[in-house]
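Colleague: Chains A and B supply the protein sequences, listed in that same order. Just so we're aligned: 251 in this note's numbering is position 251 of the first sequence, and the numbers increase by one with no gaps anywhere. Residues are numbered in this note's numbering as their position in the second sequence, beginning at 1, plus a constant of 1000.
Any given hint might turn out to be false.
[Stated by the list, open to error] The following label-pair restraints were derived from C-beta to C-beta distances: (1) B:Gln1249 with A:Phe68: 42 to 50 angstroms; (2) B:Asp1092 with A:Arg317: 16 to 24 angstroms; (3) B:Met1085 with A:Gly44: 19 to 27 angstroms; (4) A:Leu379 with B:Lys1251: 57 to 65 angstroms; (5) B:Pro1018 with A:Leu74: 30 to 38 angstroms.
Worth flagging that the hints you see were computed from the coordinates, not collected in a lab. Each residue gets a CB set at the ideal place from its N, CA and C atoms; glycine is no exception.
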Amino acid sequence: MQLDAAAPRGQLRRRLGAAACALLAAGLPSAARAEATGDWQLDGSLLLYGERDRASVFEPVARISRLFDNGHRLSGEFAYDAISGASPTGALPSGQVQTTTTPSGNTVTIAAGAVPTVLFRDDRYAADLEWQAPLARTARATITGHFSSEKDYLSRGGSASIALDMFQRLLTVTAGAGVNADEVMPVGGTRVGLGDGTQMLATGTNPKDVTSGMLGVTRVITRRWLVGLTGSFESERGYLTEPYKVVSLVDPVTQEVSGQLTEKRPDTRERKSLQVSSVYHLSEDILYLSYRAYRDDWRVESSTGDVRYRFELADGRYLLPHVRYYAQHAASFYVAGLVAGEPLPAYASADYRLGPLRTATLGLTYGFHAGSLPGTVSLRGEYMRQWLANPSGGDGEGGDDARAGGVQLAGTATAAALTSVSGTPPLHIATLLAGYSVNF
Amino acid sequence: MDGTAGHGAGNETLPPAPITLTRGEDFWCGRFRAMGGPCEVLVDTDDRAEAAGLVACAEEEARRVEAKFSRYRAGNILHRIQHAMGAPVEVDEETANVLDYAALTHEMSGGRFDITSGVLRRVWTFDGGDRVPDDAAVHATLALVGWEKATWRRPVLTLSAGMEIDLGGIGKEYAVDRAGALLAARTECSVLVNFGGDLWAPGPRHGDRPWGVGIDDPERTGEAVLDRVELTRGGLATSGDARRFVRWQGKRLGHILDPRTGWPVEGAPRAVTVVAGTCLEAGTLSTLAILEGAGAEEFLRAQGVVYRIHS
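Please build the complete structure, drawing on both the sequences and the hints.
Modeller: Okay, here's the thing in structure tokens:
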């Protein structure tokens, strides 16, 4: 007999018998009804997000889900965001004091050399419902609904997806589709694109419809290694312009900002992305890697690399450092500014989020059990630095960025505008998240 | 464990049948279906109301354990573990105790008793036919087998994605012992708990008599009693099932798989019955005996337990 060769046989039975008794003695006899399967799960979190000298966000989120005996799961998530602070209008900093008009008609004075921003405050309420249903032992369906509302934006959407396990569950295929019917209601009315901000469209409510689809495959490669590939597309139709963003007009002679126009974007956008991810279990720790490639027909192209490593510590604690890098080629109509007096392009936006944006993120999450409290507490801190790549090639990304940096500007004004762009200070962002998760 | 008196791995959603109470010659017998098979509770009393209460209590415990540990119930702790896709899962106290027991048994058996081996059933079909899976399928599945690949740090279990645990080799015996202990705390009468052929009794019946247990012929369940044993105190369990096998190269391979090879144990008896201190211990010893293959009898003799081997 090869069982536990070092031990005499009678000892096997004694140990087994003792272990069986220990198992049965635990919690007898009154515990028959003390069932702690934890059909309910509650996740709560509090997010604090702050951009230095810019916007800050305070967001409490509560998610509650219930797992039913038949395997169905119903989840509801409720979030409230309080966003306040200053958002760049898109106008260039200027050597002179500038005056900007806000949509509500107030005038704001911007100090010389500062990035023009507009102060705002918004409250957003969001509710999401999700229903997961097992269809068979190897298939699951998920249906979601979404609603969110803020003073100038309303979002309603839904999605459905199905996941199939194949080849002894070594392969899972997921396919899904979604629709969103949003409405943009700019405060003070909808301004005509590439206008001086005083001409209004008759429509105060502007529809924006989104349809999306995804197809994903997850494959177990070895017992320790799981890889996934997900492709998705999204088609947007309607009002895609940012209602409060502007584009500066630069005087070709003085190289000073001489005025500004509202921005204007195309009314369709087709987005595609492909993501590869890998989860590798070391003996105890876990390494997560992912890479995402994205492109759309506004010619924004981006790459995102993400690395996380979960260190398992004693007593169920863990430490999870996180590094992420994002690089984007600017949209075809991204400009730093327009030359006053030149013919206007069809579309133009100076929104830095459509520019040659780079974002680097460093984060650390620590998870632990808090004393006798059931469940897990996690604390996450993240630092993000956002900047625009130097359009003159300093970032080495070449063509698109140079175009985006403002080749629309002629002559000496180009140089002035470029200087302004590259002189835009990097944005520093800090995020703190406290989360708590418990089954009951 | 699959007992000779009944098994039924495929019964996913049997509606809870009512309890039927019948009078035996000098005891009351309650019957119901749970854990995929017929269950019986014999109560050594003339008091029908007392017997009914005890049977109901045993039935409730059987359903509780079944709901909690069955791999067929979407939504229970096993379901959560199965669908964690590699994420750690914190389990409750009772599940943790069961996992501790499984971990110890795995260690003592040199890896042969393994609650992660259930995934091998995806590639094996024990229908008496001659289909065996190809080596590639067995190898691919073996990648998902092995308790040593799991990280068990009470109360947190982390399985690699794709791995599963199956408490089929523990759950029914555990339920028998649990129900027995609950009844023993409620009555002075002797009882015999029989969940699908796995049994437990707290002590002798009136007049210091044992319970007589007939062991079914594994080939003809319910038709012929192959053997009889007497059970006074402790547990009795049977592993193996003569109706679930596959033929390969002229050999008959039973359904108990060796998690180290992914293949059925060769030369194993068709079924092994063991009497031990608890039903759980009896069930584990009978499974370990079958995993010994041709060495089953030698193994059982060395343990100093009462046993029956059905070849």
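Colleague: Give a verdict on every hint.
Modeller: Going through the hints against the structure:
For the pair Gln1249 of chain B and Phe68 of chain A, the supplied restraint of 42 to 50 angstroms holds, since their beta-carbon distance comes to about 47 angstroms. Look at Asp1092 of chain B against Arg317 of chain A: about 20 angstroms separates their beta carbons, and that is inside 16 to 24 angstroms. Restraint check, Met1085 of chain B to Gly44 of chain A: a C-beta distance of roughly 23 angstroms satisfies the suggested window 19 to 27 angstroms. At roughly 59 angstroms, the beta-carbon separation of Leu379 of chain A and Lys1251 of chain B lies within the given 57 to 65 angstroms, and the hint holds.
Taking 30 to 38 angstroms as the suggested C-beta distance range, the pair Pro1018 of chain B and Leu74 of chain A conforms, at roughly 31 angstroms.
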